[in-house]
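The listed protein sequences correspond, in order, to chains A and B.
So the first sequence is numbered by UniProt numbering: it starts at 1 and just counts up by one.
So the second sequence is numbered by UniProt numbering: it starts at 1 and just counts up by one.
Hints may be right or wrong, so weigh each one.
What the hints assert, rightly or not - Taking lysine to aspartate or glutamate pairs in the DMTMM-like style, the calculated list, with each CA pair at most 25 Å apart, reads:
#1 B:K227 - B:D393
#2 A:K237 - B:D393
#3 A:K236 - B:D337
#4 A:K211 - B:D393
To be verified - If you anchor each label on the Cβ, the simulated ranges turn out as follows:
#5 B:D489 - A:Y340: 31 to 39 Å
#6 B:A447 - A:S235: 47 to 55 Å
#7 A:E346 - B:T68: 28 to 36 Å
#8 A:I332 - B:T486: 56 to 64 Å
#9 B:D481 - A:F78: 49 to 57 Å
#10 B:R380 - A:K211: 21 to 29 Å
#11 A:T267 - B:Q376: 40 to 48 Å
These are calculated hints, taken from the structure and not from any lab test.
Note that the coordinates shown come from a computational prediction; the quantities given were computed from them, not determined experimentally.
In this text, a Cβ means the ideal position worked out from N, Cα and C, and glycines have one as well.
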Amino acid sequence: MTRLRNIAIALAAPLLAIVFSLAVTSLVIQISGGSASDFISILFSWPADRLLVNIANQTSLIYLSALAAAVGFRMNLFNIGVEGQYRMAAYAGALFAGAAFLPGALNVIGALLVAVAVGAAWAGIAGLLRVTRGVSEVISTIMLNAIAITITGYLINTYGIKAGDSRRTEAIPESSQVPGWQPFDKAAGEVWTLGLLAVIAGVSFWLVLNKTRFGFDLRATGQSESAAIASGVNSKKMTMVTLLISGGIAGLIWMPSLFGSAHYYGTTFQAGLGFTGIAVALLGRNRALPIAFAALLFAYLNEQSNRLTIEAGISVEVIQITQGIIVLAVVIAYELVRRYRLRAEEREVAQAPRPGATTEEVSA
Amino acid sequence: MTTSAVELRGIEKRFPGVIANHDVNLQIAPGTVHALVGENGAGKSTLMKILYGVQKPDAGTITINGETVEFSTPSDAIAQGIGMVFQHFMLADNLTVLENVVLGAEKLHGTGAKARAEVRAISDRFGFGLDPDVLVESLGVAARQRLEILKVLYRGAKIIILDEPTAVLVPQEVDALFANLNGLKEQGHTLLFISHKLDEVLAVADAITVMRRGTTVGDPDPSSVTKRQLAELMVGTELPSPATDESTVTDVVQLSVEQLTMIDEFGRTILDGIDLQIHRGEVVGIAGVEGNGQTELVEGILAMRPTQGTVRLGGDDMSGWATRKRRAAGVGYIPEDRHRHGLLLDSPLWENRILGHAYEEVAVKRGWINRGGARQDSERIVDQYDVRTPGIDTMARALSGGNQQKFIVGRELSGEPSLLIAAHPTRGVDVGAQAAIWDQIKEARRAGLAVLLISADLDELIGLSDRIEVILRGRLVGTFDPRTVTPQDLGEAMTGGQEEA
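The whole structure should be built from the sequences, with the hints applied where relevant.
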């Protein structure tokens, strides 16, 4: 009974947050001279085939990014540097795959490993700074983001091959390109096969965090570092390992796109996913399944918003207002729910019978 | 007889499962420095919060200058001329002295020239030496404290509560503070000074009230009472009937600590060559005034902080082992601060069963969480140790302190530990839980457990221990037999005895 009630409350919070943010965005549009009803009707109309494919693909990228952020959040580490980590990894992965040291599928696996290693290493710099010098990972990862942009920019400009006005890495040989799944006609595009990486990462995230000693130690450290240390957790090692995992997942973010359609690092690179991931992780309370829904929601809103300008003359950017308010509202709602639950539990404790009563009697 | 500035009668305050204050009586004469002393957890802070309107008493009366009052919020207390200086300063570093003072009290003298003049006047009157236009970040600790006092004076306080004001000061600053306090007193202010540093209390107080276990236990005269007598009052002088159960001490040494030394990051010696042996079936109690190295001794034995020296458990030399390996070797640990070290407050009880025991088969199997095992064993603990909770899915935070502690005791006695480190195992728990916890420790001892007991409660030390060691400034300075020891002996050893007697 209690369980059902708890689930209902947990679902109500994000739903109310979405409704609230849509209402506020509508108001903003109305005030600034647009049509709120157009906004709502476009947002809720069924997306075209092409958009459906995009939504699926974007969901996988956003989901990976959110998982990368969530691993850190679960132990109170604020890895704001997913953005820089996946950029470095994307470049390194594309470079490796383009060089074609290995044949076919081996080249794909090799490139994925390189990307994970580079993402982890980039996050590891922040980890080292934190455990040896006590530098806040928030500061160092933000700075590493800027450095990553500069480094990749420099490398591509210096060593990249010329393609029209811009430069890019060598394209992946055809034997290493990963064909996707084409649910509609050819024009609608393909769902990237490596999007499955997101599924694998999600299941692993859930398994490791909830079912293993390592995950328990990680969560314990996040809840109370002092209690974790007393329980025998080596908090420095934990910080380092968590940041490496976070950066490693970040390394995978752009891989589905690289092998599925981009084929090289250049103008095709999609920036900004690292920051989207932070918001999505918050929205999904850093839990594997809720994050998946949150990623889907963000991908859906992003894709649908592209139609706003064309069909209703509303600026695409309003969708960022919607997304921002969803996150803010949901953070507040979760806190209210948390307090409500605690009070409810304290009331239950006050009425608790002497132990010895069976659990059935208690929950009845 | 003059009217008391403050008079508390029969104050009582209960929290779920804990009686924080009961039958508290306190009388403070106007124009005096009145010290309130007691160990941590004796109920001083609750009493202060009641007097400052942060919490409402469940029973009893507060009389200020002969008038019975009721406070709902601190503003009610401030309106009655009560001010409070907290131990942790509440100042904005990036604002000036003046801005910090007027913040929240803009209505009194505005924020401009009038306020500046007032701040200057107060500072000059009491010799605080505070410039209204200096940034707070440039002030030292002592000056910040004077600023906190200035803040309450600015708000018209005649009765000032100071919560352990010397805790943050170096000795010279303490002398300066006491000079300030005397200045305040001469100008008719009444000061309530909270502390557990006995030297300071005796140096500055005109009257003393001692609290123990939530109640006031005496008002010794500061001109005649000795430090030793004060210490006895604080920790309790009523000797419980000596433990009648037979000694279970064996010849087998379970814990052997040799030359354990801890130097902190500032280069101070916190533990100084501790030698300690505990046999199977033996409870060794560590007595001492707080802050003499008890906490560090525990953290050193558990490798939570780096030390030099040898720690052996049974036949194993654990010196190079990390915390988890030491605990897995059979060390149970009831921490001094259960919220910081013993529990994940926002996790359900059954997950708390795993905390610190992730090496036990019942909690973790081959790296995987044993959910079924942990849940089942949590049920057992709840049952066996009488933990009052609706179930094992309840968050630890929702439980009362006594029940949280019973759960921790149950957990730490699980998995057949060979050594139990119990730091203040019954602090802040109600009487019923206290008796239950004592019984469980006695029973485990009978089964051959070695116990290191740290306590500030003499009743507990004498009632449970087979041997009492006294710790003073990081060294073990005396061994006593609890069956024959007198509180005077212990008090003397705890305060460095002879040198001041």
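Hints, verified against the model:
1. B:K227 - B:D393: violated (49 Å)
2. A:K237 - B:D393: violated (30 Å)
3. A:K236 - B:D337: holds (22 Å)
4. A:K211 - B:D393: Given that 25 Å is the threshold and the Cα spacing comes to 17 Å, the pair holds.
5. B:D489 - A:Y340: 31 to 39 Å: Taking Cβ atoms as reference, D489 of chain B and Y340 of chain A lie about 54 Å apart, which means the hint is violated.
6. B:A447 - A:S235: 47 to 55 Å: violated (34 Å)
7. A:E346 - B:T68: 28 to 36 Å: holds (33 Å)
8. A:I332 - B:T486: 56 to 64 Å: Hint holds: Cβ distance 60 Å, inside 56 to 64 Å.
9. B:D481 - A:F78: 49 to 57 Å: holds (55 Å)
10. B:R380 - A:K211: 21 to 29 Å: 22 Å Cβ-Cβ, so the 21 to 29 Å window holds.
11. A:T267 - B:Q376: 40 to 48 Å: violated (59 Å)
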